[in-house]
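Colleague: Sequence:
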Amino acid sequence: MAEVTQDMTLGQALDLAQTRATEANEKNAAKNVGQLKNAISKGKLGENVNLESPYFSTVKGKDYLTNIQAGKGKVETDFYVKAQALEKYTNQALVESGLTDLTTNVTGATGLAKDVGAKGQLRGEQAMRGMIPFEEIDKIYAQGFNEMKGDKTISDATKDFLIYHRYTSHRVGTILNDTEDYKSLRLSDISIITDKDGGTSVSIKGEVRGKKKRYATTYTGSFAEFLKGIYNKAKSANPDMPNSEVKLFNTSQTKVNQAWKKYLLPKFLDQHEISLPVDRKGKVVTGLTEIIRSANIEALESDLGLASNLGDDFMGHTAQGTKAKSYKVNTPESKAIGSITENMVKTSAFNLGTGTTNSLFSGYGLNIPTLDVSNEGVKVYDGHKSEFKFNADALKQTVAPRVATKEEIELARQKAITGAKQETVSQLDLDIQAQKKGLELDEIKAARIPKQQEALVKEIQEKELKSNLRKQLKKEGNLIPNPELTIPEEDVKKLKAQGLWDIITGDTGKKVVTGITTAAGTIISKAGKTIPIIGGAFEYEEAKRKGDPEEIARSKGAIGAFSPIGPSDITAAEDVVEFASKPLVEQAKKSMQEQDVGFLEGLTRGLTGVPMGGFSSGGFIDKNQSRR
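Here the sequence shown stands for residues 10 to 637, where the numbers follow my numbering.
Honestly, the hints are just simulated from the structure, not real lab data.
Predicted, not measured: the structure shown is a model, and the values here were computed from it.
You can take every hint at face value.
The calculated lysine-lysine pairs, modelled on DSSO-like cross-linking and capped at a C-alpha distance of 27 angstroms, are:
1) Lys40 - Lys53
2) Lys97 - Lys214
3) Lys264 - Lys214
4) Lys222 - Lys36
5) Lys290 - Lys123
6) Lys51 - Lys97
7) Lys97 - Lys46
8) Lys40 - Lys97
9) Lys344 - Lys242
10) Lys221 - Lys292
11) Lys405 - Lys205
12) Lys221 - Lys123
With the hints as extra help, turn the sequences into a complete structure.
Modeller: Printed below as a string of structure tokens:
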């Protein structure tokens, strides 16, 4: 540990403070000192503030005093809390070393930093710009919770916590969140006592997280029963777990914020934005903690007349000269805090016209068996009968529950039945909507069936057609099983030279001319395997002149090479290629009608180079014959 001396440097003081904070298990404080040291090493607090600077003169210098508070100096980051940690642990070391006269007051309530305009710790909850009356806050919560009743996404635990927060102003994070140093509010943090008269008191231990405090508090009356009901629900849901592991509220800050932003925040913004606090940049804050803590304390003091010192205790603020006794259960302060909460609840019952606080909690839609008068033995807690203002006598009054009347019990039971029926109706409405959507879906599916059936029939027909075509092609292909072997090599070369071979034997144009080439192969086999095949040039050139595509022109050339063909061949071609073959077949018929030489003679004349005039009627069909 660094030694405390009169001439120690700022860096040495920082090391000393960080070590002492760590040894005291004050992890946040140690972290703060470390962050301050890092900022100083980077020159963020001014040129004259560095780790080698003399500690005592530096922390009293202008640069340090103005730059530890954001907005006062040249930096935007606020180092005030970090500077407080440095001063606290350094002063402790000075006192222990007998150097009391060297202790500093830089960041205290009357410290040098305040003298130059520093405001101290910048709290997350900024001051309200105007007061929202307590009754107006009640109305917003009543409206919001009434809307929540139909929202199944918001759990009972989330609703319970929102009401707990409304009447305690406890910081959301300290109740719900677990950190490395602190745990959320657990059943082990709660003590429940029932007195001889059947009255209930619930004590919740205090908590300190850095500068954030929650004073130990003892609650009585209806709010104690509210807490007891929540405790029992958590216990019954986790019967085999130790209390230290069971959270009082089985929800999360995320879920709470979602409910807040959906049902409560919009109403505050719509109705009272002008009164809501703003951040340092002038933007309206929207957090649950910031708005409700600020609105609550303003309404308690300005509207209901709560004394400011009690307001500080209620909010967990540190008054001048820290009240250590406020962290002990059952002190006058802790009981006063509990009394403030109960009077808030009773005031809400009056404002919302529920008569009893029992009805207030049930009106929020909360499931609290310990306040449900329809349950045997449950006591009734009356709300205020007139407008309430805090005074000394009000805080001293004890809560006196009473036995429920027969009328109240019957009314509670009827409300329970009605509530159950309404729940059933709501569920039935949801079921009906689901059924309607199901019917709509069935109609859509039914509308699709004819189209699907049509597509299926078409697919079957196409498959059947392809199957028949394959059978026909297989049958016809037997006539020319291998063109390479059936047609002489010399003739193959000539057909390839004219671009006709791929059309006859390949994939290009295969579907169009397969039947025709099969018939041609038959003719060739009959005419003789040694006859070279040249022909179709006229038909090819004529097709190109007319603008036919290359594949069509070649196909017409192929037909010309082997025309004329017989009626059976034309029929076979049409059966194979159907629509696609029709123009080609027509071309073949036209060719036969225009030519006067026989097939063999035509081939011979083509072979000898004599211009082909045409094919005679001595072929398979003449111009006077019909197709059949």
